[in-house]
Amino acid sequence: MTALAALTPALVWLVTDPLLGHRIRITDGDQTLDIGAAPVAVVALLASLSGWALLATLERFAPRHARSIWTGMAAAVLAVSFLPFTGDGMDGGTRASLALMHLAVAAVLIPGLGGRAPGADAGASRE
Numbered sequence: 001m002t003a004l005a006a007l008t009p010a011l012v013w014l015v016t017d018p019l020l021g022h023r024i025r026i027t028d029g030d031q032t033l034d035i036g037a038a039p040v041a042v043v044a045l046l047a048s049l050s051g052w053a054l055l056a057t058l059e060r061f062a063p064r065h066a067r068s069i070w071t072g073m074a075a076a077v078l079a080v081s082f083l084p085f086t087g088d089g090m091d092g093g094t095r096a097s098l099a100l101m102h103l104a105v106a107a108v109l110i111p112g113l114g115g116r117a118p119g120a121d122a123g124a125s126r127e
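Take 1 as the starting number for the sequence shown in this note's numbering and just add one per residue.
None of these hints come from the bench; they were simulated from the model.
In this text the structure is predicted, and so the values were computed from the model without any measurement.
All C-beta atoms in this analysis are idealised placements derived from N, C-alpha and C, irrespective of residue type, glycine included.
It is possible that part of the hints are untrue.
Quick list of the computed label-pair ranges, beta carbon to beta carbon [claimed, not checked]: (1) 53 with 14: 48 to 54 Å; (2) 83 with 34: 17 to 23 Å; (3) 65 with 23: 41 to 47 Å; (4) 62 with 91: 40 to 46 Å; (5) 36 with 64: 41 to 47 Å; (6) 49 with 20: 41 to 47 Å; (7) 7 with 69: 38 to 44 Å.
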């Protein structure tokens, strides 16, 4: 799950930067930061491992509600992750690409980690 969460934004970067030719850049005054595939994958991997660790902690201390709490927290983190896109320093293509990367990671992690535990409905499906 974590590897897929790191791969999906890297694929968005691959389409945006080399294939479509739009450099993903953030500027702050005189400084420009070009965002490459490796940092994209590493940040996504760290986010997915953090989410996984949080879910494991919640499952230990609040097992009955861990997945619903985690899903709510993941949705909140996703919403907060869009706040930097409201500022200056990036063009529309960079905003759209970064937003797609955030959504790609969430599309993998939220259903993958926040879904029902394997076999949770096994008893109900046998009837």
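The hints, checked one at a time:
At about 28 Å, the CB distance of residue 53 to residue 14 disagrees with the hint of 48 to 54 Å. Between residue 83 and residue 34 the Cβ separation comes to about 22 Å, which falls inside the hinted range of 17 to 23 Å. A beta carbon spacing of about 44 Å between residue 65 and residue 23 agrees with the range 41 to 47 Å that was offered as a hint. Between residue 62 and residue 91 the beta carbons are some 43 Å apart, a value that agrees with the proposed interval 40 to 46 Å.
With their beta carbons about 43 Å apart, residue 36 and residue 64 fall inside the hinted range of 41 to 47 Å. Roughly 30 Å separates the CB atoms of residue 49 and residue 20, a value that falls outside the hinted 41 to 47 Å. Between residue 7 and residue 69 the Cβ separation comes to about 27 Å, which falls outside the hinted range of 38 to 44 Å.
When each numbered hint is compared with the structure, violations occur for hints 1, 6 and 7.
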